[in-house]
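Position chains B and C relative to chain A; hints supplied.
Protein chains in written order, with my numbering: chain A, 1 to 182; chain B, 1001 to 1379; chain C, 2001 to 2252.
Simulated from the structure, these hints should not be mistaken for lab results. No false leads were slipped in.
With a straight-line Cα cutoff of 35 Å, these simulated DSBU-like cross-link-like pairs (lysine-lysine) come out:
id, chain 1, residue 1, chain 2, residue 2
1, B, 1056, B, 1007
2, C, 2007, B, 1244
3, B, 1371, A, 110
4, C, 2039, B, 1244
5, B, 1007, A, 152
6, C, 2014, B, 1203
7, B, 1244, C, 2186
8, B, 1012, A, 168
9, C, 2187, B, 1205
10, B, 1056, C, 2192
11, C, 2014, B, 1205
12, C, 2143, B, 1244
13, B, 1244, C, 2043
14, C, 2043, B, 1261
15, C, 2043, B, 1203
16, C, 2007, B, 1202
17, B, 1205, C, 2043
18, C, 2039, B, 1205
19, B, 1205, C, 2186
20, B, 1261, C, 2014
21, A, 168, B, 1056
22, B, 1203, C, 2192
23, B, 1205, C, 2007
24, A, 152, B, 1056
25, C, 2039, B, 1202
Between beta-carbon pairs, the in silico distance windows are:
id, chain 1, residue 1, chain 2, residue 2, range
26, A, 82, B, 1263, 46 to 52 Å
27, B, 1039, A, 157, 20 to 26 Å
28, A, 67, B, 1251, 52 to 58 Å
Ideal Cβ placement from N, Cα and C applies to all residues, glycine included.
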Amino acid sequence: MIGIMQVRLSGFGGQGVVLAGLLLGQAGVFDGKYISGSNSYGAQARGSGCKSEVVFSDSPVDFPHLTTADILIAMSQGAYDIYCTDVREESGLILYDQAVVTPREGLTVKHIDLPVTEVSVRRLKSKQAANIVYLGALIESTRIVTTGSIRKAITMHVGERFRSLNLKALRAGMDLGRKVHG
Amino acid sequence: MPSRWAKSPFPKGRYYFSGNEAAAEGAIAAGCRFYSGYPITPSSELMERMAVRLRKVGGIFIQMEDEIASICAVLGASWAGAKAMTATSGPGFSLMQEGIGYAAFTETPCVIVDVQRAGPCTGQATKVGSGDILQARYGSHGDYQVIALSPWSSQEMYDLTLRAFNLSEQYRVPVMVMADEAVGHLRETIEVAPRIEVWDRKKEKGAAPFDIEGQDSVPPMPSFGEGERLSVTGSTHDGYGFRKTDDPEIQARLVGRINRKILDHKRSIIETESHFMEEAEIAVIAYGFTARTGLFVVNRLRKEGKNVGMLRLKTLWPFPDEAVAEAGRKVKKIMVPEMNLGQVAGEVKKYVPCDVISLSQTNGEVIGPEKILETLKKI
Amino acid sequence: MARALAKYIRPGVKDTPFCPGCGHGILMGLILRAIDDLKMDMKRMLFVSGIGCAAWIPSPHYNGDTLHTLHGRALAFATGAKLFNPDLCVMVVSGDGDLSSIGGNHLIHAARRNIDLKVICANNMIYGMTGGQVASTTPRGSKTSTTGEGNPYHPFDLCKLVEGAGATYVARFSVTQPVSLIQSIKKMLLHKGFSFIEVLSPCPTQFGRRNRLDRPDEMVKDLIRRCILEEEAEGLTEEQRAEKIITGEFLS
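Only chain A is shown next, with the shape it has when bound in the complex (with noise of 0.2 Å):
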């Protein structure tokens, strides 16, 4: 990664989205690169729509929030909406899942389409866990943080109840991105 990666994650309230977006950006720090991450605060972060942005760099960010995105994950058609037109154009890329979010005609931007929501109702039994497998496959197909660091950063923000779900969704979700990629 050369100079400053913005990732924007989004969706809508209760689908886990800023914690995605601290773990990610947590995963960064301990990587050691200069962090800056900011959400959607206050009854957005409840219930509407949700976004959650993490500005990676090799040196200290100077402007701290998103300007454009290199990398987008829509949890939700509503976000898609908002933000598919906000991502760079030659080198920017869009994750989704077919199954909830139907892309927009037109778009040259890459998009990537996983099967997020099967792979966490059928191999892990749980919906709430899509936030880790989309991680899971961004880092995969990306690089952005590496294995070790998501994985401190899991254990250390994630309470004792639901990590080994989170670590079980992060691997579901990079097999996801390997067989993408692959």
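Then chains B and C, alone, in the frame of chain A:
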């Protein structure tokens, strides 16, 4: 004056804290052992972290019935010997003003973190603003001085909260950390130094705790229970705290000193940061989150060969008059972007001969790069 | 004041600031007698007060630590000091307006927390210092500078209020009952938890003048006549009871 080097309570290294969490850690590092507060968006995470951290380090945390009680409990604890703090946002900051005046007049060290939100009134509780800058300076009645600092990152929420405690102990004055929602919720890499400089209030048995002749105008401060038989009052008082509510000379002298002790030391209190100010023809003067946007734009314009510089105000009160005046002598125009209707722009105008353009935004959003770029290009 | 109590007075204090006939001077002495009886260490005592005549009872007169605070906020300051240094014996002495009107919210919350604070509320049923305005404790019908036709509202029963909020020692006495009051203050000093004594104190200057008790001694006599113990009130008719003030220990 007593300052010492202490080991940081955190192992040296990099951490990922939100601004509000970082401020709590800075307070703990500075030796804060008392927090009283009342929940208010967007500052509550700071209080929640203090509740956890103070229990761990053997300090006292209490959630009070309102913000008035919160600041008053802080002041009571401070006189009992604590480094004490509270945090709040606009509406709570308004309620605290009488207590802040009490702290200034009785020279009680205390730290208040104001995580500013979009006002006036209840306004937009979850949205950003910086409309409390003049209130920080003038919010309580009468003539007094405070110190107010302006962090622009999570790192500075840590650093400046720590410094706020040091300044408060050193000068026996309320110190405010004028954060904003954007900085309070910004989660960033922060670096913790292994050793930190910590100031403690000076003690001198039997000395008058409210008057002083000589160099620094800051009297020593005993605590309750030390056998000093303190008399503390918010009424006009003499050196030993006797009420003197009819004595014009003592009133004038006390008001004079509590102002002078800050203004005489403003060169050691004030911190500013210059970026590309050599050969600059236009200067951006900014503070808080907006300075992040400001520098981002200035960097970009410099690369395009434009003679633009930036002066960042890390201290807002006492106002950095000399640094601003110097910038004003160098450049042809100054632009002040801020999330209020020109509160600092008005101050800047007092000290510079050149044009001052106020870029105001009060819509509850941070000022983005495009807006500053556009305004600078027009100039 | 008896010579034996002089050591409790801060050097440099020459006289009291109270009006002739004010009950606060009596209370000022009675608190010290209780402290003297118990041989309390004044170096460990912190007296906190708000704003108003009663707030001047301890500040700066008592020779311990005194903290004269903002109007209504004595209990919040006291809470901070006591929590940070639990070795302090923290006594709050302030007036009815200060503690129960502008400071009413702090009063019920301090009682709820049952923090070890010894609270003496000098109740003169009026705002004395500011010129005799109606208080939250002014009896219904009484005249004040803001209720020329008589106070239309019911007053607080402060003892019931703090008891309901969670105080663990509650009493009411008048400065005309000095022996009982000293005993009560001593119990309060030994009690651990939020303790509250309402002390009725005459204000001839602002209250008496407006309510046909022109001379200080008339106010004192009126209090002596009206203050009765709970058991003395038992046989009284509703009407007789209405003009009495029930005193005693309500919770100990």
